[in-house]
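Trainee: Heads up: the protein sequence lines correspond to chains L and E, in order.
Numbering of the first sequence is given in our numbering, commencing with residue 1 and proceeding in unit increments.
Numbering of the second sequence is given in our numbering, commencing with residue 1 and proceeding in unit increments.
No wet-lab data here; the hints were simulated from the structure.
What you are looking at is a predicted structure, and each value in this text was computed from that prediction instead of being measured.
Just so it is clear, CB atoms sit at the ideal spot from N, CA and C, and this is done for glycine as well.
Careful: at least some of the hints might be erroneous.
Here are the computed lysine to any residue pairs in the SDA-like style, where the Cα-Cα straight-line distance is at most 25 angstroms [said to hold, decoys possible]:
no., chain 1, residue 1, chain 2, residue 2
1, E, K133, L, N397
2, L, K462, E, D187
3, E, K340, E, R50
4, L, K214, E, E109
5, E, K199, L, Y8
6, E, K133, L, S463
7, L, K175, E, M1
8, L, K214, E, G208
9, L, K214, E, Q211
10, E, K199, L, A412
11, L, K214, E, K327
12, E, K133, L, Y8
13, E, K133, L, S217
14, L, K442, E, P178
15, E, K199, L, P382
16, L, K462, E, I164
17, L, K462, E, E128
18, L, K442, E, V10
19, L, K72, L, A88
20, L, K214, E, F18
21, L, K462, E, K250
22, L, K214, E, K250
23, L, K462, E, F210
24, L, K214, E, F181
25, E, K250, E, N147
26, E, K340, E, V106
27, L, K442, E, N147
28, L, K462, E, L12
29, L, K462, L, A88
30, L, K214, E, L12
31, E, K199, E, S165
32, L, K380, E, P178
33, L, K380, E, E169
34, L, K442, E, G9
35, L, K462, E, Q182
Computed Cβ-Cβ distance ranges for the label pairs, DEER-style [unchecked claim]:
no., chain 1, residue 1, chain 2, residue 2, range
36, L, G395, E, T184, 29 to 37 angstroms
37, L, A398, E, I164, 46 to 54 angstroms
38, E, E40, L, L148, 38 to 46 angstroms
39, L, G297, E, F210, 44 to 52 angstroms
One-letter residues, chain by chain:
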Amino acid sequence: MSFPTLDYLLFFAGVLCVYWMLNLRLQNIFLLVGSYFFYGYVHPWYCALIALTTLIDYSCARGIAGRPEKRKFFLSLSLISNFSILCAFKYFNFFSDSITGVLNSMGLNVSGPAWTILLPVGISFYTFQSASYVVDVYREKLRARTSLLNYALFVSFFPQLVAGPIERAGNLLRKLESKRQFTPELLRSGLFLMMWGFFKKIVIADNVAVICNKALSLSDPGFPVVWAGVFAFCIQIYADFSAYTDIARGTARTMGIEICRNFDHPYLARNPAAFWARWHISLSTWFRDYVYIPLGGNRRGESRIVFNLMVTFLLSGLWHGASWNFVIWGAYHGALLVIWRLISKDRPGIENPGSRLVIFGQWMIMFALTNVGWLIFREKSPAYLWQYLTSSPFGVNADEWRMGTYFVVYTALLSIPLWLHAWTDKRLTGDENWRPREQQWKWTLAQSVLAGIMFIAILLLKSDVKSDFIYFQF
Amino acid sequence: MLRGFLQTGVFLLIVALFPLILIPLQERQPADSKRIVKTELGMEQKRLRRAKPDVLFVGNSMVFTRIDRRGFQKLSGRRNEFLTNAGSASACWYLYLKNIIVPSDVRPELTIVFFRDQMLTWPEFRTESYFTKYVESLQLPEEPVINRVLYPLEHRRKGMLRQISDGVENFYDIRDQPERFQSTLRDFSMDMTPFGEGKQPRRLYMSGRFQLRNLRHDLAADDAVMRRDDEPPLVFDPSPDASFLPEILKLANEHGIKLCFYRVKKRIDVEGSRPTASHLPIYLKALQEYVESQGALYFDETGDDIPAEWYADGDHIARDRRTIYTKFFWEKVKGSLPPKE
């Protein structure tokens, strides 16, 4: 089930009404049933897969706690099972095709096996979420849970099941085990956040997607059209993914459960490190805690740090999809971080320069580099990627410049709310101290009018072309 | 707590009522959007009546990138007309027949439907995403066959959702406002674009730029819009709930329309042949038998020798090979048409 559909709104309304009439245990049972219904709505067999992951990790965590002498075995069992399932569904054909390609290029005429099976949506998200719990139990940061119900709900909690944020058991599982109290402020705040998410998806992401798809569907786009298309994709992917997160967080908030933020205005970042502290935060911190730090983190000398960063980002790229462009994208961002580290190492003032011009310059450079990254991320054909990256601004006809500029202006107009949001976040939809503020009448009225405007925009500017959330494919 | 409930009530009320300010913004236009749709269908009917074609070609780009209309007229001595739209598929072809050809009272000697492989019994194909709007534009207010065939498992549920969705749109009197606002936004963006000529030359440039020949071959419309879980049918199913084909044939027989289904050959790839699924020959044999048993004609050019250089992008025939293709096509089908006096 996808968020911006009537199906989901009816499902959500039904769940919410029943949910607040139940006690904690029944609430969790009801949410678990609802989450499986949500996940298996189109393909019921998805539920079997998530149930299998849940059972394996629940049992392994119990094994780690109950039989400490075999804790390594249970950890290995959990990790091998999780990542085998993930690899089988997501990476099997990728590796098979890659190996076959290499062998064929060496003159050996072989045809690799192919598995034509649908990739279960959200598999990367819930696999990482579930695996992190077992690792945390192994590290004795968490105690193994006895309640299979609560654990199963933690893995399958429907608002964030399909595209995150990737929650940690230390946060979400604890909240699912605690009593929730209904307040009207909670409901209003959650609904407002959901409205903002729907607005970003339906009005911004789906409309700029048309521009992006159009520009990058040409076989010989000129320089301005290529980069107008990439700019559109840059706006689209942020509006799309952050919309999902906002709807997820809003939905969870109406049920009294606060889930973590996944974005902190990434396009305001002025360097690669800041970008990764603001973009897909739950994944970045997952890789930091479960890959980068175990590899040695910042502790083992400069060359080891470079190695650790590159490995972490290559894996992060591969997490996004079974395609070489994602691996290159990961390597690109890893390289940017390494370069940034080298540049900033002996220049403590570089992160906070006094001059506004320098700040603006840093922002511009980072935004341009981010766009180059999005081109790599989006373009699966190496030939076209090369063609786009090497396209020259010289010798392009005036009509192509006009078309490119028109695409940029259209995208920029639609993206205004995102920039306004970046400016006003803490004041309007921010999360810090929202509870006391929600009780003020002036805030209520401002919030209502804003939500009303967003609702009008959804009705008037909804795109003809509806597309799934981009991150569903991961 | 009471204040909280009051505030939340106010919030919901404002959000729900705020869009009602749209109503005064409405220009006096036809109250029922369906009338606009009907007008479009009416125009197509009028076009057919005016053209009085002896041969009518129905399909998608497979038709208009293959057939040279003048060449066909010269060869056959027959007036011909296209009823096509790029990317259209069986749902659209059923609607062409039901809502355009039948009410137009035009009865060509032959109505030829161009299709590829399993398209005739794949009702969902190209009805979503980019195509939703076009398919809807061909519909009348009540389309029981579309609802039954396109949403077989969730017919009732879709019906309910549609009612709710229509209810919301009627409540806020939305009508064609999204199109108008989208268009205003596009115009505004164009006005804001510097160093511009007029809007019209720029629009013309863009429309020329996005013609099929300028698009990437690797992003064929099929792949771009096909959801990953969409699969063509593996076996031929003649039941009326499985596809639009039985309804198409039924309508044609009821209204004296002579139908001909023409399977086009796909582009031959570099290695020399396309991988053909093992089930396809069995499927196609059953399809041919069914179509012919219902009184329609069936042709298949996939066994013919169509040189690879005739193709341009995808399965389309190159512009400079359309004349020769049309000749080839005419040789293939001319026996099914009565001799011209």
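Trainee: Would you mind marking each hint as holding or not holding in the structure?
Mentor: Quick rundown of the hints versus the structure:
{"no.": "1", "hint": "E:K133 with L:N397", "in the structure": "violated (34 angstroms)"}
{"no.": "2", "hint": "L:K462 with E:D187", "in the structure": "holds (17 angstroms)"}
{"no.": "3", "hint": "E:K340 with E:R50", "in the structure": "holds (21 angstroms)"}
{"no.": "4", "hint": "L:K214 with E:E109", "in the structure": "violated (40 angstroms)"}
{"no.": "5", "hint": "E:K199 with L:Y8", "in the structure": "violated (41 angstroms)"}
{"no.": "6", "hint": "E:K133 with L:S463", "in the structure": "holds (11 angstroms)"}
{"no.": "7", "hint": "L:K175 with E:M1", "in the structure": "holds (23 angstroms)"}
{"no.": "8", "hint": "L:K214 with E:G208", "in the structure": "holds (13 angstroms)"}
{"no.": "9", "hint": "L:K214 with E:Q211", "in the structure": "holds (11 angstroms)"}
{"no.": "10", "hint": "E:K199 with L:A412", "in the structure": "holds (19 angstroms)"}
{"no.": "11", "hint": "L:K214 with E:K327", "in the structure": "violated (35 angstroms)"}
{"no.": "12", "hint": "E:K133 with L:Y8", "in the structure": "holds (22 angstroms)"}
{"no.": "13", "hint": "E:K133 with L:S217", "in the structure": "holds (21 angstroms)"}
{"no.": "14", "hint": "L:K442 with E:P178", "in the structure": "violated (31 angstroms)"}
{"no.": "15", "hint": "E:K199 with L:P382", "in the structure": "violated (36 angstroms)"}
{"no.": "16", "hint": "L:K462 with E:I164", "in the structure": "holds (17 angstroms)"}
{"no.": "17", "hint": "L:K462 with E:E128", "in the structure": "holds (16 angstroms)"}
{"no.": "18", "hint": "L:K442 with E:V10", "in the structure": "holds (12 angstroms)"}
{"no.": "19", "hint": "L:K72 with L:A88", "in the structure": "holds (23 angstroms)"}
{"no.": "20", "hint": "L:K214 with E:F18", "in the structure": "violated (34 angstroms)"}
{"no.": "21", "hint": "L:K462 with E:K250", "in the structure": "violated (38 angstroms)"}
{"no.": "22", "hint": "L:K214 with E:K250", "in the structure": "violated (39 angstroms)"}
{"no.": "23", "hint": "L:K462 with E:F210", "in the structure": "holds (23 angstroms)"}
{"no.": "24", "hint": "L:K214 with E:F181", "in the structure": "holds (20 angstroms)"}
{"no.": "25", "hint": "E:K250 with E:N147", "in the structure": "holds (17 angstroms)"}
{"no.": "26", "hint": "E:K340 with E:V106", "in the structure": "holds (19 angstroms)"}
{"no.": "27", "hint": "L:K442 with E:N147", "in the structure": "violated (48 angstroms)"}
{"no.": "28", "hint": "L:K462 with E:L12", "in the structure": "holds (21 angstroms)"}
{"no.": "29", "hint": "L:K462 with L:A88", "in the structure": "violated (38 angstroms)"}
{"no.": "30", "hint": "L:K214 with E:L12", "in the structure": "violated (38 angstroms)"}
{"no.": "31", "hint": "E:K199 with E:S165", "in the structure": "violated (35 angstroms)"}
{"no.": "32", "hint": "L:K380 with E:P178", "in the structure": "violated (33 angstroms)"}
{"no.": "33", "hint": "L:K380 with E:E169", "in the structure": "violated (39 angstroms)"}
{"no.": "34", "hint": "L:K442 with E:G9", "in the structure": "holds (15 angstroms)"}
{"no.": "35", "hint": "L:K462 with E:Q182", "in the structure": "holds (9 angstroms)"}
{"no.": "36", "hint": "L:G395 with E:T184: 29 to 37 angstroms", "in the structure": "holds (35 angstroms)"}
{"no.": "37", "hint": "L:A398 with E:I164: 46 to 54 angstroms", "in the structure": "holds (49 angstroms)"}
{"no.": "38", "hint": "E:E40 with L:L148: 38 to 46 angstroms", "in the structure": "violated (57 angstroms)"}
{"no.": "39", "hint": "L:G297 with E:F210: 44 to 52 angstroms", "in the structure": "holds (49 angstroms)"}
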